[in-house]
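Which chain is which? The protein sequence lines are G and E, in order. Using the numbering used here, read the first sequence as starting at 1 and increasing by one per residue. Using the numbering used here, read the second sequence as starting at 1 and increasing by one per residue.
Hints may be right or wrong, so weigh each one.
Which chain G residues face chain E? A few, computed with CB under 8 Å, are given here [said to hold, decoys possible]:
#: 1; residue: Arg51
#: 2; residue: Lys57
#: 3; residue: Ser58
#: 4; residue: Ser61
#: 5; residue: Val154
#: 6; residue: Pro157
#: 7; residue: Leu158
#: 8; residue: Pro161
#: 9; residue: Glu165
#: 10; residue: Ala168
#: 11; residue: Asp175
#: 12; residue: Leu179
#: 13; residue: Asp252
#: 14; residue: Lys253
In silico SDA-like cross-links for lysine to any residue, where the CA-CA straight-line distance does not exceed 25 Å [unchecked claim]:
#: 15; chain 1: E; residue 1: Lys185; chain 2: G; residue 2: Asp175
#: 16; chain 1: E; residue 1: Lys99; chain 2: G; residue 2: Leu179
#: 17; chain 1: G; residue 1: Lys182; chain 2: E; residue 2: Gly178
#: 18; chain 1: E; residue 1: Lys182; chain 2: G; residue 2: Leu179
Hints listed in this document are in silico derivations from the structure and should not be mistaken for laboratory results. None of the values given here were measured: they were computed from a predicted structure. Each residue gets a CB set at the ideal place from its N, CA and C atoms; glycine is no exception.
Protein chains: 2
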Amino acid sequence: MPVVSKKSKRIAPSNYAIGVFDSGLGGLTVVKEIIKLLPNEDIVYFGDTARVPYGTKSSESIVRFSIDNANVLMSKKVKMIVVACNSSSSYALEVLKKKFNVPILGVIEPGAQKAVKLTKNKKVGVIATSATVGSGKYLEALQNIDKSIKVISVACPLFVPLVEEGWANNQITADVAGLYLKNLKKENIDALILGCTHYPLLKTVISKVMGKKVALVDSAKEVAHQVEMMLDQRKNRRKTKQKARLRIFVSDKPQSFMRIAKSFLGCKIDEISCIKMM
Amino acid sequence: MPVVSKKSKRIAPSNYAIGVFDSGLGGLTVVKEIIKLLPNEDIVYFGDTARVPYGTKSSESIVRFSIDNANVLMSKKVKMIVVACNSSSSYALEVLKKKFNVPILGVIEPGAQKAVKLTKNKKVGVIATSATVGSGKYLEALQNIDKSIKVISVACPLFVPLVEEGWANNQITADVAGLYLKNLKKENIDALILGCTHYPLLKTVISKVMGKKVALVDSAKEVAHQVEMMLDQRKNRRKTKQKARLRIFVSDKPQSFMRIAKSFLGCKIDEISCIKMM
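Start from the sequences and build out the full structure, keeping to the hints where you can.
So, in structure tokens, the structure goes:
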């Protein structure tokens with residue numbers, strides 16, 4: 001399964017950063033795994049907090065926003081771009097691959113690959129935003145790997161606002177999960193893709209509804225592995241031994257983002273700034 | 001209580017439309033009341049569906065978005081602008097009044113006026129988005145009218161996504177309302193301002209929690225009355241007897257907006273188009 005576009009990309013200087021963007025906060029789950037695996041790499045993160053959420057917007061808007069975000073990252077000198085947002089990965093990946101001369105990595109394929117490794121009965125569930133479910137990209141990615149896999153997708157629009165309200169573990173969220181996942185539970189799936197970067201924060205609640213026999217697939221680790229692989233293939237790892245930097249840019253509310261990012265990542269953030277997008 | 005800025009505004013031609021903007025769908029509650037009261041007026045509505053919601057964004061972003069929205073309306077020839085969004089009314093009203101040469105009417109003052117009329121024990125509750133509550137504008141407006149009024153405000157961030165999920169009347173929404181309003185219930189208020197244009201759709205659920213003795217204040221009717229008053233003061237009512245037109249513009253998803261708007265307003269929409277904002 002190729003992780004980069006077939007067109008060969010210019011190799012940017014190895015001391016350039018790894019760029020990561022998301023519609024907001026969720027992509028930090030991916031940043032955390034990249035830092036763990038590649039502590040010597042500089043990272044530039046962009047969260048489009050002025051236009052979050054993407055999962056309820058149209059494909060045209062998601063593509064336009066994603067191009068803006070990639071342009072922000074390119075202006076910060078990145079050697080590759082990780083699209084940490086599932087809605088952007090669903091609709092904008094091909095456009096970004098054509099438009100930008102660095103490797104572009106989405107989160108759909110890594111998630112699909114991991115799910116195929118984990119499923120035994122070949123029945124895989126996908127939960128995601130309306131945009132991601134509507135795109136059918138997980139279905140496509142899963143069946144590209146193995147045509148015989150049965151895929152059942154469910155949109156869970158309230159999961160993101162519940163996480164953002166800080167209600168990841170209360171009874172209401174458990175009830176919402178119970179309602180969203182009621183029919184999925186009857187389908188006898190044994191792997192469930194968490195197709196939105198916010199959802200790993202609801203693992204406990206989701207696992208309680210689905211039962212222990214269903215493996216929850218969080219693509220963040222898989223994405224970090226593919227970043228490593230891509231850099232190695234291109235001999236493009238950062239060589240200097242100077243301490244790596246993490247810089248964060250957002251389009252709104254830098255201070256509140258900073259607070260959450262610090263506690264979530266548990267590491268020093270070297271720079272945080274706000275960039276007006278329009 | 002003056003409803004227009006003190007600086008006198010140029011009087012636009014009376015056949016120009018009444019402009020209304022909101023972050024999304026909610027402002028249609030205001031449009032409905034204006035149509036009822038002023039069926040002979042053309043209306044232009046703009047919903048910024050590409051950047052919705054506003055209630056979780058910073059004041060700077062809300063001001064910037066509001067100026068963009070007012071510019072869209074001005075380009076469609078409007079004789080006044082109704083800011084149907086509470087978050088915009090909280091942060092952007094003064095800027096808009098300075099920047100645009102037509103009367104600008106927000107929803108905070110009309111709501112506050114109605115609440116003061118309704119309260120007997122002078123204890124008024126306000127429920128709204130985090131941005132609106134954080135602005136303190138309802139408190140200010142209420143106490144400008146009557147200093148002795150006690151105001152208790154509560155942010156209810158999940159109400160908007162619950163309405164948009166179509167869950168206005170299910171048990172989960174009742175539980176969420178129970179949790180948000182638990183402390184407010186103990187305060188012995190007798191009037192509760194629904195400080196977000198989505199909230200009137202949750203009236204049944206909110207009323208069940210708060211009890212029948214608490215009057216729910218939905219400012220849409222009051223706003224329509226102030227529009228009428230403003231037009232009359234300025235002798236600026238539309239004079240032609242040609243059928244009035246309702247034109248709707250959004251920044252994303254025109255088709256799904258159209259479907260909801262049609263069923264909600266129960267009247268013909270003469271034009272709906274999508275305007276790219278950035």
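For each hint, the structure was consulted:
Against a cut-off of 8 Å between C-beta atoms, the interface hint on Arg51(G) holds, since the closest Cβ of chain E lies about 5 Å away. Given the 8 Å rule on beta carbons, the hint for Lys57(G) holds: about 6 Å separates it from the nearest Cβ of chain E. Here the hint on Ser58(G) is kept, as its CB sits about 5 Å from the closest CB of chain E, short of 8 Å. Residue-level restraint check for Ser61(G) holds (minimum Cβ-Cβ distance to chain E is 5 Å; threshold 8 Å).
Annotation: Val154(G) was flagged as interfacial toward chain E, and the flag is violated, the nearest CB pair being 13 Å apart, outside 8 Å. Taking 8 Å as the C-beta contact cut-off toward chain E, the hint placing Pro157(G) at the interface holds, the least distance being around 6 Å. A distance limit of 8 Å between C-beta atoms decides the matter here; for Leu158(G) the minimum to chain E is near 6 Å, and the interface restraint holds. At its closest, the beta carbon of Pro161(G) sits 4 Å from a beta carbon of chain E; the interface hint therefore holds under the 8 Å criterion.
Interface restraint check for Glu165(G): the shortest CB-CB distance to chain E comes to about 6 Å, inside 8 Å, so the restraint holds. Because the closest C-beta pair between Ala168(G) and chain E is about 13 Å apart, greater than 8 Å, the hint is violated. For the restraint placing Asp175(G) at the interface with chain E, the shortest Cβ-Cβ distance is roughly 5 Å, inside the 8 Å limit, so the hint holds. Annotation: Leu179(G) was flagged as interfacial toward chain E, and the flag holds, the nearest CB pair being 7 Å apart, inside 8 Å.
Taking 8 Å as the C-beta contact cut-off toward chain E, the hint placing Asp252(G) at the interface holds, the least distance being around 5 Å. Interface restraint check: Lys253(G) against chain E, minimum CB-CB distance 5 Å, threshold 8 Å, status holds. Distance restraint check for Lys185(E) and Asp175(G): the Cα-Cα separation of roughly 24 Å lies within the 25 Å cut-off, and the hinted pair is therefore satisfied. In summary, the hint linking Lys99(E) to Leu179(G) is not supported, as the alpha carbons are separated by about 48 Å, beyond the 25 Å threshold.
A threshold of 25 Å between alpha carbons decides the hint, and for Lys182(G) with Gly178(E) the separation of about 24 Å falls inside it, so the pair holds. Annotation: proposed proximity of Lys182(E) to Leu179(G) holds, straight-line Cα distance about 24 Å (limit 25 Å).
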